[in-house]
Amino acid sequence: KGVKNYEKHIVYKINYKNDYISLSLFLYDSPKELYYGAKDYARLRNIGLEDALDWGALKIIVKPLFKFLYWIYEHTGSWVISIVVLTLIVRIILFPLGYKTTVSMLKLQELAPRMEKIKQKYKDDPVKMQEEMMKLYAETGFNPMSGCLPILLQIPIFFALYKVLIITVDLKISSFLWIPSLADKDPFYLLPILMGLTMILQQKLTPSPDPKQAIIGYITAVAFTLLFISFPAGLVLYWTLNNVLNIAQNYIIKDVLLKGQANNKAKGRG
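Quick note on numbering: the numbering used here labels position 81 of the sequence shown as 1364, and the sequence is numbered without any gaps.
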């Protein structure tokens, strides 16, 4: 009858209880392609159905991120390499912030004795103590929140990568060493444990002048390990690589760049 985009609902009773199954049928006046199968990105892309995938609320990040990772996969044949390249690019982009954070942490270590004196002097007056701390920060140019910014900027990437790992079947069938699927958790929990060890190593290499903060750092490492046990292996791999690169970055900044600058200043004075 030339019906266009006509929708008809059919309800079937499947047992004697109040359980029903609802089907939606669409009638078109011209031939249409129907895809029935796994969410394979290449197949969906080839028939123009890539937007049929559930990109989620972060589509503006998830879709380009997936396409970028898939492009690397097409050229290398490895999703692991895709994740490694992504991690490297993120660390390179965040390097200026990482540099400022490391300099800020070194400055905090220098300020530790003065901060301790303020705490002892105004231990009975928290308001005055906070005021003096703020004066010290302003005087020295120290920003106590600078260390949070690199982590906060990675949160959208973290959640977007989680969506990327589960949105198609591609990573579901991709294995890595002892891990059968990058989209599922590590069955032996070795990768989350390795990630936790990298966090502990980070804490040891960047000691906090405040013993309480150091303890919090170790507790955080243990908590993250337990949390990441149930996460997709690809996501844990990303965070582990991120930690390793952060350790390397801190070494480059402290032992190469800053020491080089200090040596150049010493030579200039000499």
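To be clear, the hints were calculated from the coordinates, so they are not data collected in a lab.
Quick caveat: nothing in here was measured; it's all calculated off a predicted structure.
Keep in mind that the hints are not guaranteed to be accurate.
[As the list claims (entries may be wrong)] Calculated cross-link-like contacts (lysine-lysine; reagent style DSS-like; alpha-carbon spacing at most 30 Å):
1. K1322 - K1487
2. K1390 - K1402
3. K1418 - K1406
4. K1468 - K1455
5. K1346 - K1495
6. K1411 - K1390
7. K1390 - K1322
8. K1487 - K1406
9. K1411 - K1383
10. K1400 - K1411
11. K1455 - K1383
12. K1406 - K1468
13. K1495 - K1404
14. K1406 - K1390
15. K1418 - K1542
Worksheet entry | Pair hint outcome, K1400 versus K1411 [Cα-Cα no greater than 30 Å] | Holds - the C-alpha atoms of K1411 and K1400 are around 13 Å apart, at most 30 Å.
Worksheet item: Taken at face value, is the distance from the CA of K1402 to the CA of K1390 at most 30 Å?
Response: holds, 18 Å
Worksheet item: Taken at face value, is the distance from the CA of K1404 to the CA of K1495 at most 30 Å?
Response: OK: K1495 and K1404 at ~19 Å, within 30 Å.
Worksheet entry | Agreement of K1411 and K1390 with the hint, judged by alpha carbon distance not exceeding 30 Å | holds, 22 Å
Worksheet item: Given the proposed pairing of K1406 with K1390, does the C-alpha separation stay at or below 30 Å?
Response: holds, 23 Å
Worksheet item: If you draw a straight line from the CA of K1455 to the CA of K1383, is it 30 Å or shorter?
Response: violated, 38 Å
Item to complete: Assess, step by step, whether the Cα of K1346 is no farther than 30 Å from the Cα of K1495, and give holds or violated.
Response: Judged against 30 Å, a Cα distance of about 41 Å means the pair is violated.
Worksheet item: Between K1406 and K1468, is the straight-line Cα distance small enough, at 30 Å or below?
Response: It is violated: about 47 Å lies between the C-alpha atoms, which goes past 30 Å.
Discussion item. Would the hint linking K1418 and K1542 be met if the CA-CA limit is 30 Å?
Written reply: Distance of about 28 Å is within 30 Å: holds.
Discussion item. With the threshold set at 30 Å, check whether the alpha-carbon distance from K1487 to K1406 stays at or below it.
Written reply: Answer holds: K1487 to K1406 is near 29 Å, not above 30 Å.
Fill in: Given pair status - K1487, K1322, alpha carbons within 30 Å
Judged against 30 Å, a Cα distance of about 44 Å means the pair is violated.
Worksheet item: Does K1455 lie within 30 Å of K1468 when you go C-alpha to C-alpha?
Response: Holds, at roughly 11 Å.
Against the hints set out earlier in the document, violations occur for numbers 1, 5, 7, 11 and 12.
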